[in-house]
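Number of protein chains: 2
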Amino acid sequence: MKNKFDLINEMAVDTGSKIILLLLDGLGGVPLAPGGKTELEAAHTPNMDALTSRGSLGLSEVVAPAFSPGSGPGHLALFGYDPLEYEIGRGVLEALGIGFKLQPQDVAIRCNFCTLDAQGNISDRRAGRISTEECIKRVKMLRGIKIPGVEIFVEPVKEYRFAVVLRGEGLSADIPDTDPQLTGVPPLPIVSASPETEKTAEILRQWWFQANQMLADHPPANSCTLRGIAKDPGLPRFPEIYKLRSAAVAVYPMYKGVARLVGMDVIEHDAETPAEEFEVVREHWDEYDFFFVHIKKTDSYGEDGNFDAKVGVIEAVDQALPMLLNLNPDVLIITGDHSTPSLLKRHSWHRVPILIAAEWARYGPATKFGETSCAAGTLGLIHHVDIMPLALAHAKRLGKYGA
Amino acid sequence: MKNKFDLINEMAVDTGSKIILLLLDGLGGVPLAPGGKTELEAAHTPNMDALTSRGSLGLSEVVAPAFSPGSGPGHLALFGYDPLEYEIGRGVLEALGIGFKLQPQDVAIRCNFCTLDAQGNISDRRAGRISTEECIKRVKMLRGIKIPGVEIFVEPVKEYRFAVVLRGEGLSADIPDTDPQLTGVPPLPIVSASPETEKTAEILRQWWFQANQMLADHPPANSCTLRGIAKDPGLPRFPEIYKLRSAAVAVYPMYKGVARLVGMDVIEHDAETPAEEFEVVREHWDEYDFFFVHIKKTDSYGEDGNFDAKVGVIEAVDQALPMLLNLNPDVLIITGDHSTPSLLKRHSWHRVPILIAAEWARYGPATKFGETSCAAGTLGLIHHVDIMPLALAHAKRLGKYGA
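Protein chains in written order, with the working numbering: chain H, 1 to 403; chain Z, 1 to 403.
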């Protein structure tokens, strides 16, 4: 059996048609109480609602039933990569999250400042949750560590968390975490899981030894643990699989980072609001066939449990939507990377509403874009990994399978 | 790629929340005539209907489209074990069905009394369908057979069917059926499919030889065939996978047996009616996180073709339902292990209605629990193997997948 990307790639045709994938992070929701509406249903969205008569609606499973996806798996699935098959290591995600431009051979590491007692045992795995300011102070110290043959980047993340990236020849990431996930024991030794990894392990041992010397007089963050040691997974390249000149427009570093990992161009800009992001799309309209447009704040307000503010972001997107419609994309898809119901204040497992507007869509009777209308939509139940193939099909970019 | 149980297990968290899985055997149905209602739709179920505003509805595929599941596969799927991957041998199912408490190393065998002619060929594979009384008489004779090094249990099942269980050291079940599925030929010889099985095969040969001598003068059941020779498949353990202290409340032995095979505690009781079973749940409420409650008679009446009686059982369950609701479970799921439409008088392939009531469910607009409302439900189409993960998710017992 051929793999899915090969099949799609063989059927894909560059017809020059244009696709916009508008992603409202954490779009899906649930009602606050029985008989109520979800955030999307409560929002006043005349433009999206009008699109329902020019498109088809469905609900989409992001990873698998009951799975609440993190941002990494959610976006991998959205781009067509089965997140149960393809994984982005946690170190890489951390580096992407702070906007670090990883190179293919870099080794990225999530680090925690921790507290060691006089015996060298961990007494606090998070170093008393020191402030980000204290974190930055120590990160600046750690940047002083130099080891021959390797370039070392140290970047603050938040509170007790920071990131280390190694750049050089012949590095490997096959090294287990040193965080024992327990207190009262020392950090685990840095060991190489294979002979090829010994060089990298030795670099990290030297780095950690020097780091401990520097941090010794700076309790409570007088040591650190290394976690999620990982490299760019070398994913199949999105623009080539789908035969689309592809660009990402996003405000937050994490989403630019994942787009870059799959090989999209990332357009740099100063946009912040949905309207400003849409303006970036307009400016670059002629340069690309495919635009991934990421709206973050639906998720942020969902996680805050702020139902009304999440509704507000959806309405702001709707209000600006004519800017995208005026570009006359052949296909416009509106969906999320997972649900973030304000009621739960976290990513959830609920299936995500999706709207595919295109001349060739199977139009349905819905008049409002929302979870309930999507559950009965003509698109039916789909899976996130199928969104890109469906985008191509609706853009007449996908030929017949078999004679 | 990790297997599903490992993934679920890694994400599972013991939050102390409580789940009831209320199983109406053969719940799904079809209307008796065009324009009609199914059994569930015809039933007066004010309590279940009220739950639709506190939950979400869907239809669930038990094994695969068009598959009419037996009780074994139906319950395996319900507990999260893909019945196409995990199998319970027929000998084991037969033993469970009569309430025999199988031990892990036991070898269980379904046997048929049959008729041999003077040449030793089978003239009737079911021995003229002798009565259960005649079956019991012969089973008592066969209990007289003793073979050194092995304990042998012989139990009547029904009419020409009985079960044999071997208990001892070093037994194996890798032995093909001896029923040739034809008349006019002798029973197949008892052969071992591997050297490790020779000991067991030799025990069965001796047993069968003596059985024939005892039965010779008792036609038409003057011999027997051995089928579905099997051991406990050693399934991954339900309470450990899902991190749930789990109990089964069932009236019929088969369902207690399957629950025991996956590692649930089986609560012994004298309950018969739904209300009495629910009372057992109440009595043991503090001891467990998860209760599997099995209602048999929906299926029995479906198989009898008795539409009204099946409706009556559903109504009795509904009437007693407040007993469960008063326990304030965090999640209450109502579904079936397959459909048993009265019109068909057998298990069928039709998808099964499911209701998941929980504070975090995506409520929909339905006002009645039934197949039609489930087909348009906000839960959508799911699969039985996903019911337990969804139960955990709705009980806030499942963390995020990936960062």
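Derived by calculation from the structure, the hints in this document are not laboratory data.
You may find that some hints are simply not true.
Which copy is meant is left open, so a pair is good if it fits within one copy or across any two.
[Claimed, not checked] Restricting the straight-line Cα-Cα distance to at most 20 Å, the calculated cross-link-like pairs of lysine to aspartate or glutamate (DMTMM-like) are:
#1 LYS2 <-> GLU202
#2 LYS137 <-> GLU196
#3 LYS400 <-> GLU87
#4 LYS400 <-> ASP82
Checked hints:
1. Proximity of LYS2 and GLU202 under a CA criterion of 20 Å is satisfied in neither setting, with 41 Å inside one chain copy and 30 Å between copies.
2. In the homo-oligomer, the alpha carbons of LYS137 and GLU196 never lie at most 20 Å apart, since the shortest distance is 34 Å inside one protomer and 68 Å across protomers.
3. Within a single copy, LYS400 and GLU87 get their C-alpha atoms only as close as 31 Å, which misses the 20 Å cut-off; across copies the closest is 14 Å, which meets it.
4. In this assembly of identical chains, LYS400 and ASP82 lie within 20 Å of each other by CA distance solely across copies; the values are 16 Å between and 23 Å within a copy.
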